[in-house]
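Below, each chain spelled out in residue letters.
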Amino acid sequence: MPGELLRVVTAGSVDDGKSTLVGRLLHDAKAVLADQLVAAEVASERRGYVGTDLALLVDGLRAEREQGITIDVAYRYFATSRRSFILADTPGHVQYTRNTVTGASTADVAVILVDARTGVVEQTKRHLAVVSLLRVSEIVLAVNKMDLVDFSERVFDDIVTDFASAAKTLDVPHFTPIPVAALNGDNVVEASAAMPWYGGDPLLAFLESVEPAKNPDLPARFPVQMVIRPQTADYPDYRGYAGRVEAGVLTRGDKVQVLPSGRFSVVAAIDTPSGELSAADAGRSVTIRLADDVDVSRGDLIVVAGDPAPIVTRELTATLCWLAEQPLVAGARYQLRHTTRDVLAVVDAVESKLDIATVTDRPATSLSLNDIGSARIRLAEPIIVDPYRLNRSTGAFLLVETSSGATVAAGLVR
Amino acid sequence: MTALLPSPSDRSDQLDRVWLTDLEDEAIHIIREVYGQFERPVLLFSGGKDSIVMAHLAMKAFWPARLPFPLMHVDTGQNFAEVLEFRDRKVAEWDAKLIVASVQSAIDSGRVTETPGQARNPLQTVPLLDGINENKFDAVLGGARRDEEKARAKERVFSVRDDFGQWDPRNKRPELWDLYNGRHRPGEHVRIFPLSNWTELDIWAYIEREGIEVPGIYFAHEREVVDRDGMLLAITEFTPPRAGETPRTETVRYRTVGDTTCTGAVASTAATVADIVIETAASTISERGATRADDRASEAAMEDRKRQGYF
Numbered sequence: 001m002p003g004e005l006l007r008v009v010t011a012g013s014v015d016d017g018k019s020t021l022v023g024r025l026l027h028d029a030k031a032v033l034a035d036q037l038v039a040a041e042v043a044s045e046r047r048g049y050v051g052t053d054l055a056l057l058v059d060g061l062r063a064e065r066e067q068g069i070t071i072d073v074a075y076r077y078f079a080t081s082r083r084s085f086i087l088a089d090t091p092g093h094v095q096y097t098r099n100t101v102t103g104a105s106t107a108d109v110a111v112i113l114v115d116a117r118t119g120v121v122e123q124t125k126r127h128l129a130v131v132s133l134l135r136v137s138e139i140v141l142a143v144n145k146m147d148l149v150d151f152s153e154r155v156f157d158d159i160v161t162d163f164a165s166a167a168k169t170l171d172v173p174h175f176t177p178i179p180v181a182a183l184n185g186d187n188v189v190e191a192s193a194a195m196p197w198y199g200g201d202p203l204l205a206f207l208e209s210v211e212p213a214k215n216p217d218l219p220a221r222f223p224v225q226m227v228i229r230p231q232t233a234d235y236p237d238y239r240g241y242a243g244r245v246e247a248g249v250l251t252r253g254d255k256v257q258v259l260p261s262g263r264f265s266v267v268a269a270i271d272t273p274s275g276e277l278s279a280a281d282a283g284r285s286v287t288i289r290l291a292d293d294v295d296v297s298r299g300d301l302i303v304v305a306g307d308p309a310p311i312v313t314r315e316l317t318a319t320l321c322w323l324a325e326q327p328l329v330a331g332a333r334y335q336l337r338h339t340t341r342d343v344l345a346v347v348d349a350v351e352s353k354l355d356i357a358t359v360t361d362r363p364a365t366s367l368s369l370n371d372i373g374s375a376r377i378r379l380a381e382p383i384i385v386d387p388y389r390l391n392r393s394t395g396a397f398l399l400v401e402t403s404s405g406a407t408v409a410a411g412l413v414r
Numbered sequence: 001m002t003a004l005l006p007s008p009s010d011r012s013d014q015l016d017r018v019w020l021t022d023l024e025d026e027a028i029h030i031i032r033e034v035y036g037q038f039e040r041p042v043l044l045f046s047g048g049k050d051s052i053v054m055a056h057l058a059m060k061a062f063w064p065a066r067l068p069f070p071l072m073h074v075d076t077g078q079n080f081a082e083v084l085e086f087r088d089r090k091v092a093e094w095d096a097k098l099i100v101a102s103v104q105s106a107i108d109s110g111r112v113t114e115t116p117g118q119a120r121n122p123l124q125t126v127p128l129l130d131g132i133n134e135n136k137f138d139a140v141l142g143g144a145r146r147d148e149e150k151a152r153a154k155e156r157v158f159s160v161r162d163d164f165g166q167w168d169p170r171n172k173r174p175e176l177w178d179l180y181n182g183r184h185r186p187g188e189h190v191r192i193f194p195l196s197n198w199t200e201l202d203i204w205a206y207i208e209r210e211g212i213e214v215p216g217i218y219f220a221h222e223r224e225v226v227d228r229d230g231m232l233l234a235i236t237e238f239t240p241p242r243a244g245e246t247p248r249t250e251t252v253r254y255r256t257v258g259d260t261t262c263t264g265a266v267a268s269t270a271a272t273v274a275d276i277v278i279e280t281a282a283s284t285i286s287e288r289g290a291t292r293a294d295d296r297a298s299e300a301a302m303e304d305r306k307r308q309g310y311f
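Sequence order for the protein chains is C and P.
By the count of the working numbering, the first sequence reaches residue 414 at its end, each step adding exactly one.
By the count of the working numbering, the second sequence reaches residue 311 at its end, each step adding exactly one.
Treat the hints with care, as some may be off.
To be verified - Cβ pair distances, simulated, as ranges:
id: 1; chain 1: P; residue 1: 168; chain 2: C; residue 2: 252; range: 45 to 51 Å
id: 2; chain 1: C; residue 1: 253; chain 2: P; residue 2: 185; range: 54 to 60 Å
id: 3; chain 1: C; residue 1: 184; chain 2: P; residue 2: 213; range: 44 to 50 Å
id: 4; chain 1: P; residue 1: 282; chain 2: C; residue 2: 315; range: 54 to 60 Å
Unchecked claim - Under 10 Å between C-beta atoms, here's a sample of chain P residues computed to sit facing chain C:
id: 5; residue: 24
id: 6; residue: 65
id: 7; residue: 154
id: 8; residue: 240
id: 9; residue: 242
id: 10; residue: 243
As the list claims (entries may be wrong) - In silico negatives: residues of chain C with every beta carbon more than 10 Å from chain P:
id: 11; residue: 160
id: 12; residue: 193
id: 13; residue: 266
id: 14; residue: 312
Bear in mind the hints are in silico, worked out from the structure with no lab data behind them.
A virtual CB, placed ideally from N, CA and C, is assigned to each residue, including glycine.
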């Protein structure tokens, strides 16, 4: 249904022209306002560039503008008459995995950029591995700088073939290749006159019409964020459980189970300040009341009885994306953050890590910055999980350094 | 965003925009996480549209219970009287607790030094941090949006500040899924931005959909103004006309509400929220570029102020 919010992540190597593509997308979709454009023109002139460097529209931090690179994930917002977009622009160097993982974790669509002159490189495979690992449902291969290869269909086809072979290895079911020249805007918003052999949509038209996979058949998952007890004259005995429906649909009258205690009850009401709902689907922030006086608190998970049950466990095997400078070594202790629950965790063993060149796992005993690997984790208290491939919410967690509070890893339950 | 220019017949569609509900659900989820993860949160409230929307969302997040956080306003002492009146009326209506962190008191006590003729906005940082320290707040909810400015585009929803209230753009925590990490050391606090993903247009469309009251200076009214630094600046007791300036009466409104010395008006006849939605959709100048002198100082003006602990 157009009109909904579409979250897009862009990923590419250094100098693939990603900021230029994003700048072009915003510019041609008329999401760049006059004063921002003038500021970019002035800044381009000061740096002695010929023409306006559209990348300056998106590179916001001083160091980025000085070095002409993008350091951090930048969020961009634009809307067309068909849809509203949140675009996470992720940098292609140093902390590339960390940034791509961050951008991909919430994305419906990933746009992976490749320079037409260099084709699929190791970075491309890493980006593809990350977006497929994080279950981004739609992937676009944007072959950029087509103007520098004479808009050659053969060059484009060869790159698509290479990318398809990497996609096959990673079990990516499908992707959409688009040839573009971001500098001049070919196939970004307007169809390119220079590539009549390409019959598909320009990038923006694709983003406006793509329908990311939604799965209403997933079992309902409702992590409790807090208990609402007004204890006022108007609501003396009100007791509601506030949270967000993270998957599936919760319906009034559903027989539910509270985990980890395992007690059963029935959804008596789904409250919002604008009135009661008969049902709440994934994404809705609501407050539910139960028919029985059961003990429920922050960190509990409410599920529909009879649905495929999640796993209540104190041991996990997980894929970890390591995001910190200091490496992970077996035996280290962390705080593990999962849905609305915080528990102490010990990483018992690193089992393997992903070899990007071959896109296969190989044995490993530690993980360094930007590594993706598999580890066994033990917990001080149980958490309630689903495998990440089935549920992007109950399957995801963070590892947090206990003293500094730094987020050191993104975890995906196997 | 010209592409969104609605025709009058589209009005019902505007009101029902599905993504407003998505944004609302996200903000409520964030605000409830703040309650779940922190001991002493505070909500910054200036009487400006973004902080009004944030307060409205916070009210919804805890309904039917009362707002469990106090409000704090960093008052430059040169604010629009209408906005202060609105602030106090709302605080009374919500039966909320308001803490005023005063720039004037900080000047009087010598904590900050005013540069004559310069706007007081940069001086807000010290009273803000003093207010946070005195009250031992560990989470500070602000209405900043990523679409406002390039440095804010890279801000996190949960953004840790060190003992000195400083922001280090090179050392930000990665923020994944909707898992927000509020862990911090004693003395540190976390700035929380529930409206990160909202645009100016979303704010107005939501104000329209929810029927939220905003101060009158957002609507077209007649005011004595002068042209200064390419902006229409109101003549007030804090901003008298300078030599050579001739005040004139114009029909104007405000797109942002800072203090009188740094916030310019725009010529507009928009008299209702619906008019403002249409005007915002059709605008070709960003709100800060149009009316905020404080952001024009340099290409990286906002980043420099944020590093030092600004909002």
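Consistency of the hints with the structure:
For residue 168 (chain P) and residue 252 (chain C), the Cβ-Cβ distance of about 47 Å falls inside the hinted range of 45 to 51 Å, so the restraint holds. Checked against the given bound of 54 to 60 Å, the beta carbons of residue 253 (chain C) and residue 185 (chain P), roughly 47 Å apart, lie outside it. Range check, residue 184 (chain C) to residue 213 (chain P): Cβ separation about 48 Å, and the 44 to 50 Å hint holds. In this structure the hint that residue 282 (chain P) and residue 315 (chain C) lie 54 to 60 Å apart at CB holds, the actual value being about 58 Å.
Restraint check, residue 24 (chain P) versus chain C: the minimum CB separation of about 8 Å is within 10 Å; hint holds. Because the beta carbon of residue 65 (chain P) sits about 4 Å from the nearest beta carbon in chain C, less than 10 Å, this interface hint is met. Checking residue 154 (chain P) against chain C by beta carbon gives a least distance of about 5 Å; that is within 10 Å, so the hint holds. A distance limit of 10 Å between C-beta atoms decides the matter here; for residue 240 (chain P) the minimum to chain C is near 28 Å, and the interface restraint is violated.
Taken as an interface hint, residue 242 (chain P) does not check out: its beta carbon lies about 24 Å from the nearest beta carbon of chain C, beyond 10 Å. For residue 243 (chain P), the shortest C-beta to C-beta distance to chain C is roughly 29 Å, which exceeds 10 Å, and the interface hint is violated. Listed as outside the interface, residue 160 (chain C) is consistent with that label: its C-beta sits roughly 30 Å from the nearest C-beta of chain P, beyond the 10 Å cut-off. The claim that residue 193 (chain C) lies off the interface holds: its Cβ sits roughly 22 Å from the closest Cβ of chain P, which is beyond the 10 Å cut-off.
Interface exclusion of residue 266 (chain C) from chain P stands, the closest Cβ pair being 21 Å apart, more than 10 Å. The claim that residue 312 (chain C) lies off the interface holds: its Cβ sits roughly 19 Å from the closest Cβ of chain P, which is beyond the 10 Å cut-off.
In terms of the numbered hints stated before, the structure departs from hints 2, 8, 9 and 10, listed from lowest to highest.
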